[in-house]
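First to last, the sequence lines map onto chains A and B.
Under UniProt numbering, the residues of the first sequence are numbered 1 to 325, in order.
Under UniProt numbering, the residues of the second sequence are numbered 1 to 325, in order.
Since the hints were made in silico from the structure, they are not lab data.
Note that beta-carbon positions come from the ideal geometry of N, C-alpha and C, so glycine has one too.
Be aware that a few hints might be false.
Some chain B residues near chain A, calculated using beta-carbon distances under 8 Å [unchecked claim]:
#1 Phe92
#2 Leu143
#3 Ala144
#4 Ala145
#5 Ser149
#6 Val152
#7 Ala155
#8 Lys167
As a plain string of letters, each chain reads:
2 protein chains.
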Amino acid sequence: MVHALIIGAAGMVGRKLAEQIAQEGSLNGKPLSKLSLVDIITPAVPAGAPQDTSCSACDFSLEGEAEKLIADRPEVIFLLAAIVSGEAEVDFDKGYRINLDGTRRLFEAIRAAGDDYCPRVVFTSSSAVFGTPFPDPIPDDYLAAPLTSYGVQKAMSELLLADYSRKGFLDGVGLRLPTIVVRPGKPNKAASGFFSGIIREPLNGQEALLPVADDVLHWMASPRAAVGFHIHAAGVSGEAVGPRRSMTMPGLAVTVAEEIETLQRFGGEKAVKLIRRERDPVIEKIVAGWPRSFAPTRALELGFKADDSFDAIVRAYIEEEGINV
Amino acid sequence: MVHALIIGAAGMVGRKLAEQIAQEGSLNGKPLSKLSLVDIITPAVPAGAPQDTSCSACDFSLEGEAEKLIADRPEVIFLLAAIVSGEAEVDFDKGYRINLDGTRRLFEAIRAAGDDYCPRVVFTSSSAVFGTPFPDPIPDDYLAAPLTSYGVQKAMSELLLADYSRKGFLDGVGLRLPTIVVRPGKPNKAASGFFSGIIREPLNGQEALLPVADDVLHWMASPRAAVGFHIHAAGVSGEAVGPRRSMTMPGLAVTVAEEIETLQRFGGEKAVKLIRRERDPVIEKIVAGWPRSFAPTRALELGFKADDSFDAIVRAYIEEEGINV
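In isolation and in its complexed conformation, chain A is listed as follows:
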């Protein structure tokens, strides 16, 4: 029996992860005894959740909160909660408080629990730990030299995860997620938003802005793949992972042109016509500083699975969100 705690269960990936675990009723074959879902707003109870499911709102980074979250010793803890890149860049203090101090407080609470308590902690990191210049593809042993405060906070948390794991205080696995495409819901202000927008908006009959050239290449994974990474990480052997606890997750290196070809296949010419090309030098410059492709050898060897194709990514979006095409 497994008790799983998801911190950040109201976010897009956290919510889908909770839904998937609840639906399966198990985690990597072990029956689910309890599901604890927390976020800064109260997460929804997912369909099929065990009777013993708790959904609560708290700021896990505040003093004393982490201790409460782990009071009944969940065997698996997913830490997805974070201040996103843009906000962490604008609000320096808040970014460090949540993304670094929150992580550390949780790890300290686990360490302080003692009594051989050593949960699997799945930490959601990001390819934002990398900064230009890059080799192409980026190998697993390339340095983390982030160029945003968010990336720094994630890279520092990865180092803590490794050290607390090495000392036996917890058993961590860190996942450097690709950009998630297709993000469901409304467009957001993220500079990477158009990678989802040029699929999502046209499939919903709406215009989408494309601010970069068609040959821009980017590293992507579907929400479904991201959920799969988290579930697989909950069960992977810590010994097999070794001391380098955080890894680049497998994704697909997809160009904007390839995205549009896929859109054509699913939505036809009428969908493609809804893409309005309007180059934005600011976004072009940001995107030029992002990783384009990786060689995620370690993650593949450990059994983490990328999407099969960009077509599969779009098909998953259409299925999961019930889009009419």
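With chain A held as given, fit chain B onto it using these hints.
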């Protein structure tokens, strides 16, 4: 005119750095207006120090202390103070408190000072940020995957240094020091101690233990070179350093056999005979996990200078410590 603050001025490198700056009366050509020396014990006043020199004892990592240290706005701050590797491994809390929280409190105090205060911060890091397996030599863009808490604390501090520099809160340069050989003074308990011991003890007529094989290769720099790195770092252009603020310093990859050949040249056969070979599997295992050699391309391009040879390292030791050979 330059006001320089040295935090950790009673340590071996800090003391020599203070002495060198005081003796020169300037820092990279700029006359020294003031020298502030602090450590956990009161540092000595170095010969030739300017009239306006203050030596004080404080724990810079305690709340409120960093603010006092920077109250009169030193233009250059050397942060050498640290809990060493062995102690940080044994006392987890103390290591993080001094080596991580202390660094962060100093950086936060500088940021909070505002008023365009943006000092050059020279941060003393270590090749302990690297962990096996390594390529040989290790390039500048190899990942920091430390296998000690000390290495993690240094790697995290490097990330902070880069982020605070990128945001314009300070102007940082981080130095990953090689193992310092020949360390003057008494033997210490460090696993790397024998690299100095097999030179120092025989030159002082005493027996030295050699716990590893003669073909063990290690990355070394003299105390004089380490002082030179710090002084050069105080004057190097932050723009030239770029966003990756911390760098491997140039050293020499020297085998134990080469050390002994040099000892022979300076101390003759009678010195070499004072080396007692007694293999220690524990130390052999630790040493096997250490970096052997680096390709410190960036530091060399920026003008950081290694020792000329291991003979020069031993000659510097003999001169500086006034050894009779």
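Structure-based check of each hint:
1. Phe92: 7 Å, holds
2. Leu143: It holds, given that the least Cβ distance between B:Leu143 and chain A is near 5 Å, below 8 Å.
3. Ala144: 6 Å, holds
4. Ala145: 5 Å, holds
5. Ser149: 6 Å, holds
6. Val152: Interface hint status for B:Val152: holds (4 Å vs cutoff 8 Å).
7. Ala155: 5 Å, holds
8. Lys167: 7 Å, holds
The earlier numbered hints are all upheld by this structure, with none contradicted.
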